[in-house]
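**Q** The chain contents come next:
Number of protein chains: 2
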Amino acid sequence: MFNSAGSVDRLVNWLSRLPGIGRKSAARLAFHILKLPAEEALELADLIREVKDKVRFCSTCYNISETDPCAICTDPNRKSDTICVVEEAMDAAALDKVDEFRVRFHVLGGRLSPLDGIGPDDLHITELIHRIGDEVKEIIIATNPNVEGEATAHYLSKLIAPLGPKVTRIARGLPVGSDLEYADSVTLMRALDGRQEI
Amino acid sequence: MFNSAGSVDRLVNWLSRLPGIGRKSAARLAFHILKLPAEEALELADLIREVKDKVRFCSTCYNISETDPCAICTDPNRKSDTICVVEEAMDAAALDKVDEFRVRFHVLGGRLSPLDGIGPDDLHITELIHRIGDEVKEIIIATNPNVEGEATAHYLSKLIAPLGPKVTRIARGLPVGSDLEYADSVTLMRALDGRQEI
Chain A
14 MFNSAGSVDR
24 LVNWLSRLPG
34 IGRKSAARLA
44 FHILKLPAEE
54 ALELADLIRE
64 VKDKVRFCST
74 CYNISETDPC
84 AICTDPNRKS
94 DTICVVEEAM
104 DAAALDKVDE
114 FRVRFHVLGG
124 RLSPLDGIGP
134 DDLHITELIH
144 RIGDEVKEII
154 IATNPNVEGE
164 ATAHYLSKLI
174 APLGPKVTRI
184 ARGLPVGSDL
194 EYADSVTLMR
204 ALDGRQEI
Chain B
14 MFNSAGSVDR
24 LVNWLSRLPG
34 IGRKSAARLA
44 FHILKLPAEE
54 ALELADLIRE
64 VKDKVRFCST
74 CYNISETDPC
84 AICTDPNRKS
94 DTICVVEEAM
104 DAAALDKVDE
114 FRVRFHVLGG
124 RLSPLDGIGP
134 DDLHITELIH
144 RIGDEVKEII
154 IATNPNVEGE
164 ATAHYLSKLI
174 APLGPKVTRI
184 ARGLPVGSDL
194 EYADSVTLMR
204 ALDGRQEI
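Those protein sequence lines, which keep their order, are chains A and B. All you need for this note's numbering is the position in the first sequence, starting with 1, plus 13. All you need for this note's numbering is the position in the second sequence, starting with 1, plus 13.
In case anyone wonders, no lab produced these hints; they're calculated from the structure.
Heads up, the list lumps identical chains together, so a pair's fine if it works in one copy or across two of them.
Below, a list of computed lysine to aspartate or glutamate pairs in the DMTMM-like style, where the Cα atoms sit at most 25 angstroms apart:
| # | residue 1 | residue 2 |
| --- | --- | --- |
| 1 | Lys48 | Glu140 |
| 2 | Lys48 | Glu79 |
| 3 | Lys67 | Asp22 |
| 4 | Lys67 | Glu140 |
| 5 | Lys37 | Asp112 |
| 6 | Lys48 | Asp134 |
| 7 | Lys37 | Asp197 |
| 8 | Lys65 | Asp22 |
| 9 | Lys110 | Asp81 |
| 10 | Lys48 | Asp66 |
| 11 | Lys37 | Glu79 |
| 12 | Lys37 | Glu113 |
| 13 | Lys48 | Glu63 |
| 14 | Lys37 | Glu63 |
| 15 | Lys48 | Asp104 |
| 16 | Lys150 | Glu140 |
| 17 | Lys92 | Asp81 |
| 18 | Lys48 | Asp22 |
| 19 | Lys48 | Glu163 |
Sequences are here, hints too, so could you generate the full structure?
**A** What follows is the structure, given as structure tokens:
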């Protein structure tokens, strides 16, 4: 594309492999980086080097962390009787923003997806089972509310229930601030199914 | 957001300042980078370092290049009597993909935009004027077909016309493959104004 500058071409190629970034966005990003002051652009280079260098996965919960075990697993202010199971570290980060929800997490590293060849052995499921001791009273399954996430939740609940802890699933229903009129029928059905007395 | 990993937070912050990338996309990109094999992620770090290191602006046409003058300015197979004026290096790259269009370029580095405080002195306009010698027969103004691009084109044409070369403007009309029914009225007007005998 830019035969006059091989490295720019390679940067565009690299960026266009990012999720959700097409060739045109990649070119726009590359040009943006080119126009940035050198120190600001090199900051990104250094940050990438730093995260790849420092960031590890916690050997207990498989969340990302610069320490092992991670700050969440060693936090004495979190309930140790509840483990919230999520697909990815991003999901744990999203749930952790809810101030009232101070629990420990377990990151599966994906969801069951037979079509993509992802089975139970590809996720941190055995490690989750090993974490379930006598003190664990509840496992909250917070996989995504889509087909694969629900299948993963179902699989986990069957596996965990016999071990003792209560297995719960996050509620599916209408998002706060949304419009009933625009909701799809599956969401409406879930909202009706999950209705609670007021 | 990810209090357990400071460097990830800083990476997300950096990425969210990119054009068209919000906080959520930035987080998704950061996690994608985290999950990549180390060598692939470090390739990006190296590429950024490399482009900031190597890529310069050609002192003739102000296009990006690893050499000065750039490969386009020194290409003997390009017409030296025609200069195509564009706003940004990306625009030159887009036009250069048209195989039948082998000309030299001049990158202004932006467009006139009084609201943003960008005047003629902020663009490479004086440098363009200096390039216009006896051998230059045509200046094609290929700034964007929007208000600021048109104003820039108008300004340049007034400035260049007295110097001798023919000043032309790329055609505004209906994009190939589009639907007349959905075109806006300004585009339709331009398409009618620019009608040609067949």
